[in-house]
Each structure stands twice: as structure tokens, then as C-alpha cells.
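Asker: What follows is each chain in one-letter form.
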Amino acid sequence: MFSAPDSYPIDLPTFHSRIDLPYTLTPGKAAGTFLAEVKNQRIIGSRFASGRVVAPAQDFSSIDGEEPEAFVEAPHTGVITAFTRVDGNVIGFIKLDGCDNEFPHKVLADMADVSIGLRVKAEWDPGVEQSVLAIKGFVPAPDAPTGEVKPVVATEDALGVIPYEMKLDFYHAYGPYYGRMFDEIKENGRIMGVRQPGIDSALLPPREIDDISHKRTGTWKACADTGTIRACSIINMDVYGVTRKVPYVYAEIVLDGASTRMIHVIEIDSLEEAKEKIKPGTRVRAVWAEGERQGRVSDIARFEVIEA
Amino acid sequence: MSRHVGIVGVGQTHHSRRRTDVSQAGLVREAVDRALADAKLSMDDIDTVVVATGPVLFAAVNQPEKWVVDAIGAQNKSVVRLTSGGGAGFAGALAGYYQVAGGFSERTLVVAYDKLSEGQLQYSISTLYDPFWGREFAVGIMGFSAAYWRARMDALGHTEEAAAMVAAKNRNNAIANPYAHQKKQVTVEDVLNSKPLCWPIKLLDVPPISDGAAAIVLASEKVAHHSTGRPAWIRGMAYCCEADNAAERSLMLSEPLAIASRHVYRAAGITNPRRQFDVVEVQEPYSCFELNYYESLGLCAPGEAAELIASGATQLDGDIPVNPSGGCMGANPIGAVGVIRLIEAATQVMGRNETHQIKDAKTALVQSGGGWANLRGCAVLSA
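Chains as they are written, first to last, in UniProt numbering: chain A, 1 to 308; chain B, 1 to 383.
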């Protein structure tokens, strides 16, 4: 492998990938009730048999796992027990009056005006429901009287589902093997692997160590852009994140000159026809995408069957 | 010399397509309460805890064990969290087995779960693919599994009819399972005529998507009798893996499962699996997988799986019933499935299976794993 001193930054291009997922999270009874009640500007907490009160409400005691004996309404006032500043916002731990826990939230004040023990009160955002952000934050309220935990008779039904989304961006390092392979695809439109130790056929994608013999791999070799299907299925359902029109063929293809497979697609007109025509052993060729190559597998737009 | 380890208490949730009344942690709590009650124990009696789940992306909670520990009252105990794709629950049980067998714990609680209603299952699985090389064309595990099933049709004769027989058997067995949520009688023809999703995989070859949790208590020989007079002893247990894009790997047979079963059979004194096992529980993410397990587990020779299912031998009244519980076809909370299969097999040899007790079952085989062929394990249980 290429090596470099630790002190020497290596800033090569990276491969961007994004994982983008919607969720329907289930908060459970306690958090679900808390989230349902914020539109009424009530802070619902849990009271356990020991007399301990926790707000926002929890389904299980963090001391012993016991379930609460009742929901209670916590006051809107409390004290700051810790704080810091993130991106210009002050974030504090808030201990509501009469409660035994602290929870993090925004402190709507300048850092210089915040101190441990500062009394605060909730400021609500009437435009927000079903989120802890219905409390916009906590504002200093040095003279606020000490609030009390009150029993609640009835609550809104707990929310069963909370929509949520996660977008995660990753910047993967290519490393020397993938780096050269994608450079070759981009610059020369050819797919290069490395030979298995002592054997002419190439491993695709290229790698430093052979998976079976655990020996160092050999020299570089250009594979053809024709090959043979090793395994294939006909995709005929909508899957989140897949935009290609169905039906089409998902194929694992061993390119001529290679010993391992690449994953790609074959366009088809009909499912029934494809069942007969496209199978393990079928010969295929790459159809390169039009326009400038990007240095990705998708520079090959698709594969097509080589008619006998 | 390692110590004997028994399963002395079991518990699972009533699995469901979507549980909106409990959080992930609440789901886990239900299974743990049932397992502890079954073992006549409280959390105070437990030395160590293993929490197993599928990939974090399934339900968007990283390090869920921190949440789970509070919900089950396991604060300050030794906790290990384990994930290994579809085999997560089984791998978690193996970690627990090692702890007790190695003398580091007298009683270990293993709890496994997934709450699949919360995320995007196939998309999440697609992120297991190499981001540079294949992920942009991935269709979860379904596209891949269907492709290699297609290849096995030619190489091993795993026909659509054979897989449909597996699907119909398991679906019909699941009807009596009190914990299953997909319970509808189907025929082989129904399966064959169902909509192709990733052909050759069709709608009825595919298990449901489920929310569910399962827990077992593992105990040493020294303390097992406090919970039950008839533990399900683990006679052997292994979990192996392989690279999935190496040269010389055809993915036709599962080499890791063959290696794991050889190892486990040697430990358990199994020389003729077809004759010695009274009942088998396998994790079949799609019906076609079960055919391959018959071969890799030595219930028949490679290429004979279609004949084995057609012979009726793996039906409830056959000589080697496979998945009397209904397997994944009744419920499939992926991360929990390895533990569910262990529970179904354990209760068989304990003589108290709630779905279909196989008469006089003494020795059971359990298989579990993740991926198409590359993460595979099995265990032998006996009374």
C-alpha cells in the first residue's frame, strides 16, 4: 500500500453518498401522551410509586425500570442545572419545579445572562404541535413563584406515530484500488480489476488482498464490457428509493476477464418474455451512458442481451 | 472445558404488522417480562444482558441498548449489544451462550427485537451494499435473493413449485401460532399465482413485515433447576461467515452453514441429522431459503431439496417436521427471529410448544442467519 507520514494531510476527492429515509416512529404511551398534550400547553410527566416525578413523561423509571403509577402535570417553571452554547444557541438542562430529573432544551437568553440555578419558565410556540419544540424554549424568570406538580384527570390520547426523517451524507475515501478503477472508467471508459494471485482472471472491484488465499493480488487488467449473467431477478414492485420503471432485470454479471460479479440492470419489455430470454448464462454487453463520464458504475447506463 | 448451558425461560410478544401503542423499548419490556416470569426469576437474578437488533437504520435509534436497559430495569448490569443482519438474534444468543459456558455468568438474559413498521426495510437493507459498487442498483435483499434463487433453479432444481410448497406449509402451520400475525390458509397454487415482486419471488413467498421482540434466559447447570425441571440444553451452537464477492464463491450452497453444522453436529453427536432430529426450526426470509437449508444442514443431499419438500417429510406429520411454528411466514421481526426460532425449538424439547407440539420431541435443530448465504449459524437443543 502507499503510505504517508501521519502529519501529511491527504486531501483527495471523495465519493459522496446520501442515505435519505422517512420514518414513522412510535413514541409509546408516556412520550406519546406528552407530545399529544403540548398543544394544550401542558407538560405531562410520570409519577412513580416511590414518589419520584419525571417530566417529560417516561414509560419506565431510569432507576429500576418500574412503570409509572400516574401521569401528572408538571409546572412550567424550573431552574437551570447546566448549560452550554451550540451554534449561537444556549442549550440548558432544565429541572422543572417538583420534578426529579433534568432534560435539555433551548434557553432563550444571552449566554452572559445565564447561570446555574437561574429560574426559568417555558415560552410556548403556538404554531407547533406534536413536538417538544412546542415549547419554544425557557426564558429567565427570576421572580417566578415555585410551581407545583398537579394530578391530571384526563389526557389526550397518546400519539401512535411521529413522522421523522433522516438524511445522512457520507464522503467515502476511494483508496488506491477503487480510485484507479473509477479513474479508468472516467478517463478511458474501461473497467479494470486486479489479477488474482497467480491467476489471469481479475477481481472486480479490485482489492489489495485476495479473499480466498489472503495473498496480495497481482497486476491490473482491463476487463471487457461484455459478460455473462450469473444470477438475475425481475424487479416488479415499487421500492422506496428505486426510481427505475418496473419491470426490469436486476443482474449479477461476470464480465469477460473477471472472476467476480458486478451488479447492474437490464431493461425489458415484458416480464413473461424476460423469464424466457434472460437467465443465468445469458451473454450481455454494457450500454454506456451518453455524455461525459462521471467515474461511477452508473457511467454504464444498463446492460443489454447479446442476441445469438 | 466449557459448562453446560440451558434455555430455562422464554418469552415473545404477540407480533404485529404495526404496534403503535408501545415504543421500541416498551416492546422489548413485554418480551423480557414474559421470559423472566417463565423462568420464575426477576431482573435481580440476572448477571448479564445481551441486546440484539437489526441494523440501526431499520428504526433510526443508534445504541438502542441504552434506552432498552432503562426499560427492562437492567441498569448497572453488564450489557452487550449485538447486531448481525437477519442473524442478529441468533448471534446475540451465541454471545450469551459463551458468557454462561465460559463461567462468566450464571444467568444471562438475551433479548432481541426489531420494530420494522417504523422505517423503510428494503431501502435500509440496500445500504449494506458497497456504496461504490452496487448500492445504486440494489433492491434490498429481495432482488439479490431472487437472483440467486433463479440460479439455484438451474443448478439445484429449486423450482417455483418446491418453494411454493415451503410457503404453503409454513403459512398453514402459522395459523395455530398464538404469536403470529399472518394467519391465512393458502394452497401451493395460491403461492404460484401470487404477484411476482422480484420474480421468481412472489408475494406469498415473502413473510410479513413485523414489530416484535423475543427473550430467553440462559442458565448454567448449577442454577437451571431453580427455573425448570426440564431445560432445553444447548448441545452445540455456531455462527460462521464468508465474503460475498470473492472468486470461487458461487453462492449456490451456503458454505458457512455447512461449516457451522459440521461443527455443531460433532459437538452434539449428530451423525444422521434426518433421523436424529425430531423437529427443525429455520429462519426463512423467503420460501426459497428453506430449500437450501435442507441441503446445507444435511437433511438431504444437495439437489434433493425439492424432492424432500414434495415427499411431505418436513410437514407436521412427516418424519422431520420443519417450522411447525410457521417460521417467518407467521411473523418476521427480523432481529428477533433468531431468538424466536430458539424459543420454538426449546419449547418443543421442553414438551410445551404452544403451536404444534411434536410428540416426544427430544432433539431439535435451529438455523438462523443473515444475508443470502454469507452469515449462517445453527444450534442443537435437547431435553
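Hints in this document: simulated from the structure, not taken from any laboratory.
What you are looking at is a predicted structure, and each value in this text was computed from that prediction instead of being measured.
C-beta: ideal position from N, C-alpha, C; glycine also.
Among the hints, erroneous ones may be present.
To be verified - If you only want the chain A side, here are some residues facing chain B, beta carbon under 10 angstroms, derived:
1) Pro27
2) Asp59
3) Val128
4) Val132
5) Tyr174
6) Asp225
7) Glu267
8) Gly281
9) Arg283
10) Val287
11) Trp288
What the hints assert, rightly or not - With a straight-line cut-off of 20 angstroms between C-alpha atoms, the simulated EDC-like cross-links for lysine to aspartate or glutamate are:
12) Lys167(A) to Glu189(B)
13) Lys279(A) to Glu161(B)
14) Lys195(B) to Asp64(A)
15) Lys195(B) to Glu67(A)
16) Lys66(B) to Asp269(A)
17) Lys40(B) to Glu273(A)
18) Lys66(B) to Asp64(A)
19) Lys279(A) to Asp154(B)
20) Lys150(A) to Glu208(A)
Asker: Of all the hints numbered above, which does this structure not satisfy? Sort the numbers upward.
Answerer: 3, 4, 6, 7, 9, 10, 11, 12, 14, 15, 16, 17, 20
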